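Participant: Produce the complete structure using the sequences and hints provided.
Residue numbers (my numbering), protein chains in the order written: chain A, 1 to 112; chain B, 113 to 223.
Warning: the hint list may mix true and false statements.
[Claimed, not checked] Now the in silico label distances, taken between C-beta atoms and shown as ranges:
1) Leu96(A) x Asn167(B): 44 to 50 Å
2) Arg154(B) x Ile12(A): 17 to 23 Å
3) Glu1(A) x Asp166(B): 30 to 36 Å
[To be verified] To list a few chain B residues with every Cβ distance to chain A over 10 Å, as calculated:
4) Tyr137
5) Gly141
6) Val221
Don't read these hints as lab results, they were simulated from the structure. None of these values were measured; they are calculated from a predicted model. Here a beta-carbon is modelled for each residue, glycine too, at the ideal position from N, C-alpha and C.
Chain by chain, the residues:
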Amino acid sequence: EAQVTQNPRYLITVTGKKLTVTCSQNMNHEYMSWYRQDPGLGLRQIYYSMNVEVTDKGDVPEGYKVSRKEKRNFPLILESPSPNQTSLYFCASSFLGGSSLFFGEGSRLTVL
Amino acid sequence: AQSVAQPEDQVNVAEGNPLTVKCTYSVSGNPYLFWYVQYPNRGLQFLLKYITGDNLVKGSYGFEAEFNKSQTSFHLKKPSALVSDSALYFCAVDGANNLFFGTGTRLTVIP
Chain A
1 EAQVTQNPRY LITVTGKKLT VTCSQNMNHE YMSWYRQDPG LGLRQIYYSM NVEVTDKGDV
61 PEGYKVSRKE KRNFPLILES PSPNQTSLYF CASSFLGGSS LFFGEGSRLT VL
Chain B
113 AQSVAQPEDQ VNVAEGNPLT VKCTYSVSGN PYLFWYVQYP NRGLQFLLKY ITGDNLVKGS
173 YGFEAEFNKS QTSFHLKKPS ALVSDSALYF CAVDGANNLF FGTGTRLTVI P
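Facilitator: What follows is the structure, encoded as structure tokens:
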């Protein structure tokens, strides 16, 4: 089954404790992206990647890191989480060139 | 720069009535436009897209959207709303291999 898998789905953590949200896709997509969803703000892009070892900043990259060492994986790293990073995070992937995005089920992160 | 506007945060419609969810866009060049739907506690799901060709695009679950270049709009429509259509709808525009999303419109279909 074609899917984008995110883990964990829910996480409560404390300020400053490093965490990683994993994302994996099984569709051989070149493009992967992370978004955060906040009420009234819609989806805002954090980072994206057009292929292995190619990553770029989106609209709200501050406080986040990513890596793309393999085509299927695109982890989101919060080195020192802060309460303003409390949000719902989505990973998505697609082929390049106007293809539709496949989304993961989301990861709800709370930073206390 | 690419951008998308969804002017209505909330749309209410009675079951069986036609529905419209509005979207306007700003993009340089020819736009690739998308609609996605999000059900509670789920990720976004693709509904339909416009790349080129016929201005009326048909998608999943009986939805369709009309591309209007002169009004820079891409409104989502359905002839007869179902209660199960109640969800959050996002319009998006593709700009250089990146999707820019609107802020979303919550559709509530009233039985």
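Participant: Next, verify each hint and record whether it holds.
Facilitator: Consistency of the hints with the structure:
Take Leu96(A) and Asn167(B): their Cβ atoms lie about 25 Å apart, and the range 44 to 50 Å is violated. Checking the proposed 17 to 23 Å range against Arg154(B) and Ile12(A) shows it holds: the Cβ atoms sit about 21 Å from each other. The hinted window of 30 to 36 Å between Glu1(A) and Asp166(B) holds, with their beta carbons roughly 31 Å apart. Under the 10 Å C-beta cut-off, the non-interface status given to Tyr137(B) relative to chain A holds; the minimum distance is some 14 Å.
The claim that Gly141(B) is not at the interface with chain A holds, since no C-beta of that chain comes within 10 Å of its own (minimum 12 Å). Look at Val221(B): its CB is around 21 Å from the nearest CB on chain A, clear of 10 Å, so calling it non-interface holds up.
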